[in-house]
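*Asks:* Residues per chain, in single letters:
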Amino acid sequence: MLLKVENLHAQVAEDESKQILKGLNLEVKPGEVHAIMGPNGAGKSTLSSVLAGREDYEVTEGHATFDGEDLLELDPEDRARKGVFLAFQYPVEIPGVSNKLFMQTAVNAIREEKGLPALDMFDFDEYAQSKIELLNMRKDLLDRSVNVGFSGGEKKRNDIFQMALLEPKLCILDETDSGLDIDAMKVVANGVNSLRSEDRSFIVVTHYQRLLNYIKPDHVHVLYDGKIIKSGGFELVHELEEKGYDDIIQAHNAIQTNSK
Amino acid sequence: MTLAATPKMSPAARQLLDQLVAESQKLNEQTEAEALIEKRQAAQEKILSQGLPTRKDEDWQYTALMPLFKHTFEVKSAKSVTLTEIQPFLPELDAIRLTFIDGVFSEELSAGFDFIPEALSIEMADADAIQSINLAEQADAFQLMNEMLLDQGLTLSLEKGQALQVPLHILHVQTQSEQLINLRTQIDLAENSEMMLIQQFVSLDDGQSALVNDLVKVTVADNARFKQIVLQDMNADSFYFANQFFEQAASSVIETNYVGLGCEISRHQNYLMMLGEHAESMQNSIGLGTGKQVIDSRTSTTHQAAHCDSRQLHKLVLDDQSRGVFNGMIHVVKGAQKTDGQMDNKNLLLSKTAKVDAKPQLEIYADDVKCSHGCASGQIDEQQVFYAQARGIRKADALQLITRAFLLEPLESVSNLALRNWLTEIISRKLAKQ
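Protein chains in written order, with the working numbering: chain A, 2 to 261; chain B, 136 to 569.
Calculated from the structure, these hints are not laboratory results. Using N, Cα and C, we set each Cβ at its ideal position, and we do this for glycine too. You may find that some hints are simply not true.
List time: in silico EDC-like cross-link candidates among lysine to aspartate or glutamate, alpha-carbon distance up to 16 Å [unchecked claim]:
{"no.": "1", "chain 1": "B", "residue 1": "Lys530", "chain 2": "A", "residue 2": "Glu199"}
{"no.": "2", "chain 1": "B", "residue 1": "Lys530", "chain 2": "A", "residue 2": "Glu240"}
{"no.": "3", "chain 1": "A", "residue 1": "Lys170", "chain 2": "A", "residue 2": "Glu127"}
{"no.": "4", "chain 1": "B", "residue 1": "Lys505", "chain 2": "B", "residue 2": "Asp372"}
{"no.": "5", "chain 1": "B", "residue 1": "Lys174", "chain 2": "B", "residue 2": "Glu272"}
{"no.": "6", "chain 1": "B", "residue 1": "Lys530", "chain 2": "B", "residue 2": "Asp516"}
{"no.": "7", "chain 1": "B", "residue 1": "Lys352", "chain 2": "B", "residue 2": "Glu313"}
{"no.": "8", "chain 1": "B", "residue 1": "Lys174", "chain 2": "B", "residue 2": "Asp194"}
{"no.": "9", "chain 1": "B", "residue 1": "Lys473", "chain 2": "A", "residue 2": "Asp200"}
Label pairs and their in silico Cβ distance ranges [unchecked claim]:
{"no.": "10", "chain 1": "A", "residue 1": "Asp68", "chain 2": "B", "residue 2": "Gln496", "range": "57 to 63 Å"}
{"no.": "11", "chain 1": "A", "residue 1": "Asp68", "chain 2": "B", "residue 2": "Asp475", "range": "21 to 27 Å"}
{"no.": "12", "chain 1": "B", "residue 1": "Gly509", "chain 2": "A", "residue 2": "Arg145", "range": "19 to 25 Å"}
Which residues of chain B face chain A? A partial, calculated answer using Cβ under 8 Å [as the list claims (entries may be wrong)]:
{"no.": "13", "residue": "Pro252"}
{"no.": "14", "residue": "Lys295"}
{"no.": "15", "residue": "Leu536"}
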């Protein structure tokens, strides 16, 4: 098992009234692609944030192990170094820091973790160029400041580029498809598909099915009110597409009421 | 002397002023040139009647001078210093280097004389005899102090149509405790000439407090280009006060960058007059404060002629209990139409006990101008730090990466790459030491 999440409860840090995850379970094996879908406010982004280690949220109950290690004990940078990658819903701008310097620092941090020697400027350039070609990115990408002056689509493509450079074991895409036009969506999907491998897993968090049509996940989960209320295969995506979330939510609520 | 007319000052301030007046008298006794003596005496009288600044003076409200008043500064003869000792301070670039130890020129520590063209004249003598600097009626205490202690001056003039092929690098090394270093420099660029000037202030050792009082006048004629870097990196016990007066004629360009890293209290003030049409100016500054440092960066820019552009970017990063001050004024006179003036000040506070006072001001008396000022002070963006962490970069490294990028932005205008890299390295070293 690559990732095992058990009975995860999380709230907004220092605010007990804002309980968001309420007993979430999830298991991801190497090479699997999982989609997590759900209506707004279900807790999708909170799950991504908690797994990546964002301090805005506090885990109050439950466990998460990554490669057998307690994930929740680790600092965000150590999670990244061990192979967890979060593609942000809103990638952050860092004025004055070039993509090149940013990603060379990041790649070398991860190489350090793996016991590999650091890449110098020239080796990094060569490595980065290969990924730029693989993903069909703009050639001047490396020289620009991190996400500064990028369109929404460019920012997300830059995150996918970073993912390609860092070669993580688990890629979490937090609503990467929101706000993307069809061309940008294809670039993102193409990026994900070209990075798929036997030992790399994906959690694709999304509100819409569109991206999933290109990525074709192995497992699909419906997240509602802080819990996964239904899991299935790719066919679940089509079911949601046709009927929306309401049927599944109503069925779930009915079971909840009956069992009380 | 009419001491009775002296305004209210703290006993410590009084003591320092008396000490400095005595230094001025001592200089007079050794001087024969009547004109110079008269100049000093006029300044003495004026400074005695207006006193040293207190926090009640609007221009000194945020720059408390108490730590300065604890000292007794004296003009002392220069110590002997070896080339090996100054080597670590030198950039690796071709330059005409003029080295001054404790304010006194050292020929043996200077270099690059082969680069000096016929068109450049470098003169060092009785400042009053070789310069034409007259203080304004409203000259402040440090300008008056500079005048009453006026002695040797440095005058640089570059002939019409000539460009210096390498930078002119003036290195000031401070070596003694309680040393008073009073500097006066005049720079004249004739029509269509070009010069890059680096002024670097360093201390040979830590713990020895000096007072540098620098007064510079730069005149840039039509179509001439003057570029300047001032790097102030003295020890944390010293004091630096600089007043730079710029006058630029039509279609000329002035670019000045100040980097303030050292000193217990430092204050760098530009007065820039745009006198001819289509002149362009850029004034940037970088300040990095740690411990209890006070870093004060100020500009006063006057658009006297129409169609001139002025640009400014001032950045301060303040840690520990340091204090930063920015004060910028853009003054557009009546008739200076089509003025384009922009002034930005951005400050980053790294600790809860650091503080910044910023005062950007515009005074506009023309009706067809484009002027703006922006000012923002804040802490490091947590989102940026988390983004870097999520890519495997350690929090401490992320903070440094972001801070460094923030601070270095004004240097993007430095087109000499070797020079920019040298400055970047010096600033990064101080950032890493925090």
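*Asks:* Indicate, hint by hint, whether the structure satisfies it.
*Replies:* Hints and how they fare:
1. B:Lys530 / A:Glu199: Since the Cα atoms of B:Lys530 and A:Glu199 sit roughly 32 Å apart, the hinted pair is violated (cutoff 16 Å).
2. B:Lys530 / A:Glu240: This hinted pair is violated, its Cα atoms lying about 43 Å apart.
3. A:Lys170 / A:Glu127: violated (23 Å)
4. B:Lys505 / B:Asp372: Roughly 42 Å between the alpha carbons, so the hint for B:Lys505 and B:Asp372 is violated.
5. B:Lys174 / B:Glu272: Answer holds: B:Lys174 to B:Glu272 is near 14 Å, not above 16 Å.
6. B:Lys530 / B:Asp516: holds (12 Å)
7. B:Lys352 / B:Glu313: violated (26 Å)
8. B:Lys174 / B:Asp194: violated (25 Å)
9. B:Lys473 / A:Asp200: violated (63 Å)
10. A:Asp68 / B:Gln496: 57 to 63 Å: holds (59 Å)
11. A:Asp68 / B:Asp475: 21 to 27 Å: violated (58 Å)
12. B:Gly509 / A:Arg145: 19 to 25 Å: Holds: the Cβ-Cβ distance is about 23 Å, inside 19 to 25 Å.
13. Pro252: Check failed: Cβ of B:Pro252 comes no nearer than 37 Å to chain A, outside 8 Å.
14. Lys295: violated (39 Å)
15. Leu536: holds (6 Å)
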